[in-house]
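Throw the hints in and build the complete structure from the sequences for me.
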Amino acid sequence: YHPKIPFARKVLNEDISDNECSDCEDDPLLDTKRKTISIRDYVKYRLAVRKQEDYHNIWNSGGGLSQKFALDYAARIDSDVADYLRRDDLDLRASLPEPALRWLARDSNANSIADIGHCVMFRKEHPGTRPYFQDMFYDATTLMARSRKPENASFMFTFTSNPRWPEIKRNMLRDNQKSVDRFDIISRVYEDKLREIHYLLNKKHIFGKILGYAESREFQKRIGGPHLHRVFCTDIVATPDNISNLIWAHIPPEPPATDNSPWANFMRKVRELLPLYQFHDCGEHCKKANGKCKKGFPKPFSKITVLHANKPAEYYRPSPDDGGETLKIKRGRAWITYDNTKVVPYNPLILVMFECHHNLEFAYGQTDNLKYALKYPFKGSSFSYVRSEINGLITVDEPLHYARMIYRSPTEAYSRIMSFKYAFLSHIVIPLSIHLPDNQKIYFTSKNASKIISAINAGKIPDSRLSAYWKLCISDSAAKNILFENIPETYAFNKNDKVWKKLNISEKNKNRKPRIGRIYTVSPRDPELFALYILTKHFPGTPKDLLTVNGHECQTFAEAARLRGLFEDNNVWERTLREGSISLNPSQMRQLFANILVFGGTEKCVIDGLLLWNMFVDHFYDRRCTEAEKLIRIDRALAIIEKLLLSNGRSLQEFNLPLPNNSIRNNPDRALDEFFFPHHINDDEMDEAIDTSIYDNTNLNPEQQRFFNLIRASVLDPNTKNKLFFLSGDGGTGKTFLLNYIIYKLREMRLKVLATASTGIAATNFYAGGMTFHSAFRFGINVEPDVIPPVTVDSYFGRRIIEANLVIVDEVTILNKTIFENVNLLCKKLIPQYKNEPFAGKIVIISGDWKQSLPVVEESSAPGAQVAASIQSSELYGRFEKHRLMQNMRVIPSEIQFKDWLYSIGTGQTGDSVIIPEAMRVNSRQELYAFVFNTGFDAPVTDLLKRLILSPTNRVVDVINSEIIDLINAPLHEYLSIDSPTSENPFAYNLADYEVAQLNRLTPKGLPAHNIKLKVGAVIVLLQNLNTQKGLCNGTRMIVRRLHQDLIEAETISGSSERGIVVGICRARNSYKELRPDGVSFERFQFPVRVAFCMTITKAQGQTCERLGLDILDEPFAHGQTYTAFSRCRSGENIRVFAPGKTPDNNGNISMRNVVARGIRFD
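Quick note on numbering: full-length UniProt numbering labels position 482 of the sequence shown as 482, and the sequence is numbered without any gaps.
In case anyone wonders, no lab produced these hints; they're calculated from the structure.
You may find that some hints are simply not true.
Claimed, not checked - Ranges between beta-carbon positions, derived for each pair: (1) M405 to V499: 39 to 49 Å; (2) Y903 to T942: 43 to 53 Å; (3) P262 to M405: 49 to 59 Å; (4) N1027 to D1145: 45 to 55 Å.
Ideal placement from N, C-alpha and C gives every residue a C-beta, glycine not left out.
Below you can see the structure in the form of structure tokens.
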């Protein structure tokens, strides 16, 4: 750098004392005053812009040489840090946990961890490094979990620098200087813009009051400009209307030329700036291997804004046919027309004020966790580890690889030199550590070592934050009920006195950042310490409080955690069956035992089936018998359990259980016969007799009779050409009755019917032998095109498909066409001689109502996407004969009138909205609760389960269920899950995702919550198919009757007689795996239930009720939701709607959104 440093004395050396550079700022990374200046001080001094007229500013005028200067000195600063970390006394080899060493060994291609020598790693105090972003991600997820409220909106905001900002152009040192050469000005101007952004968001509250935020800075790889990512939660209620006001993803209409109002001029400015900053042009830089845009552009058109709980929001983007605007823009020599599918979501005020690219998104995610949104800003730089070998041992050097592989722009180098922050948090996060009693770490220096050692010898061990908290719980009654991690919010730890003192919130410090605590995670490989960690996360108090469970004082924290259900424990099944044996009858005990065998086993909680059988065999049969009958009844109990296991694809041998004398394993023909011709045989207590007299004594109406004759003729004629039938009909036309009639009559003729439905609830509508479509054809949860399950020709499940004379699929409209087409492939594989015919020549009836909900599409809820995923888009659907039942069997005029109103909703005759009359409307949730549950919560099961509240989204459902639980006058029981990650990278930036506390916050679709709060009398819904034959399936609503430590007893309705049946529900294994590459995978050990006073509309498809409430804080957003919701109830007089934010018209009526997909055919 000789042209820039003409005099040698100006070069940095270690002898320049700090007073020779008196106008330099102190290095904020240093705790003590330096005697000589640092490299950072020196470079900051050289790069500073001087105002003197004779000052040349040569350091900022060198173009590429100035860029190189900044890069080299930033690297030199990093090099000094690396050299410090390479000191022998800072080697982390001895202190790294074994999982981290195993991962390093695997990443370095080492044979074992014994081959790892030195480990040189960054610390969390080093900005921009892996541990720095790991720690910030931990803090950010903790912060957002504590700050966010379930019904309020959260956002992700990206703010990008603009090199054409006038402030940058004005500060060029010469007219032809490029902005990229003034990396210092770009950074400093951007800092000023950030201060303005922070003022608007944090002080002016343009997006509402900020409850918490986390943000980080990144640098573009092309021109190196900085940009900010902020995730923040607000006090604004998350409704589509509120979000539409803040986030625009459309081109606003052009105001009339005669309109010169401020708003009109503002709209003109927005239209002018959109092509410059907010249109996405797809090019090679954003294309994936399949040619699609990585960012998902062009986005689908949408006439409304839709908010989702588990995927990105869909913003208002009207198509040109719906009045959407277009802009014709010249790009190079070509004119390109842009519509709303190319608009990057923005805020118009930010766009006009700052004239730069930005992106504002509604942050979806869990109720308590915004981890999806937080991953992007805190992912940090991507790099691996360099290995070198010394004496046969591998040295892992993280700083070396960081130096070799990381890309850094001059702007980022300047920010590193200037110590600009990489991340900001709205709260101060206080680190808290867990240790066993009297086992805390003690820190000392050479100056105070003798004093501390003397104190230790005298029995006075210095208190840690945790031990001081335990003493606080004894001395301060107010603190005894505060969790350890929440104590920093109201108390401050005095480092000198080693005590927690009450915070004094005065006028002087009331504007300081709020404080929260974060407990550092503990490895499960230390069971006792990990147990204390888990207990401290969930319960307040001293060690004695944590060790006391239901009056019993445990000897270890691990024992206490097991008794509280927080540790996996082989004895849990013995306790579960013992609790069940007190009140469950033998039939219910057999079902409970089968459920434990099928759903209960985990890696750490192994089931010893034979041991449990021997311990509780006397509870699996009716003991009111002679000694001669005893062995017969035990054998019969084994046979029933074998049948229950077989229905779930399991066997007695898997659990080392003995076979009954007449085992169906040795007689597969009998197993198939019992499946196709179900009859309830029980030597202990008779199951409810199936009343089939209705099918013998009822005459079909003409159109029903025609369809029955057609099916019977097709099944009996081996040469029939008519094999595929679609049956539809509105409520009241007897569609379900007709299907059951067909099943009954064909079974009378000894013909085999495979009766299936898309959901468990729909499968229970068959009078006997119904099952889910997935289960019948052995498909799992995730179904991929052209991938079929390994069902063999000679297997029990293969023979069921091959031998079926008729296949029925009810509620087919909600099925995805992929599984429908895969079943076609499976049938052809099993019956290859008929592979040229659809479904290998099987007679197939599919039935459903296209006015109801269509398949759920993960990527989009746009009606067009749902139509494309439905079986109507399959080539197979066109081959089905369409039959529609028209004659309504209901005779009450009011019901017929209500049915006609439903038909107009379902077919879209009411347009995009439906008028809700005043008589159907309530003004508060309390009114809604009072109407639906007007007989109270202690009503009989036959009454309470016929009362239901619906809402389109889970976030509203969870709030309502929580409020109703509080209304029940009974003791509250809390059941906590055991969550275990199934994959983990100890050096990933998102390591916090795998922490048990973070997993606890997740409630993925289909999984129970970590913390289930129940009371006797609460309505719950099953999340697993336990026994479809008895109506115990995914979606079955039940009433809690007894709550034990390891067992829930609940009652539901079974059969046409509506006889209440009781079932014992045990904890079960629930697995979850995200499809994203950086997604988390974990297992949850929890009761498979959720509170279900309120359910989502989609989940309720197939349910019926006599009193119905609708909460449309979030309005329906997908095809058929409005129709599905109202059609759950037979009479409009028994429906009430709560619509917060809706203004009634002069007649007291309100309008409710009604989405009906274009292109759907109501066959």
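Check: In this structure, is the beta-carbon distance linking P262 and M405 contained in 49 to 59 Å?
Finding: Taking Cβ atoms as reference, P262 and M405 lie about 52 Å apart, which means the hint holds.
Note to self: Given a hint of 43 to 53 Å, does the C-beta separation of Y903 and T942 actually sit inside it?
What the structure shows: With Cβ atoms ~30 Å apart, the hint is violated.
Checklist line | Whether the CB-CB distance between N1027 and D1145 falls inside 45 to 55 Å | finding: holds (50 Å)
Note to self: Does the beta carbon distance between M405 and V499 stay inside 39 to 49 Å, or does it fall outside?
What the structure shows: holds (47 Å)
Consistency note: the structure conflicts with earlier hint 2 alone.
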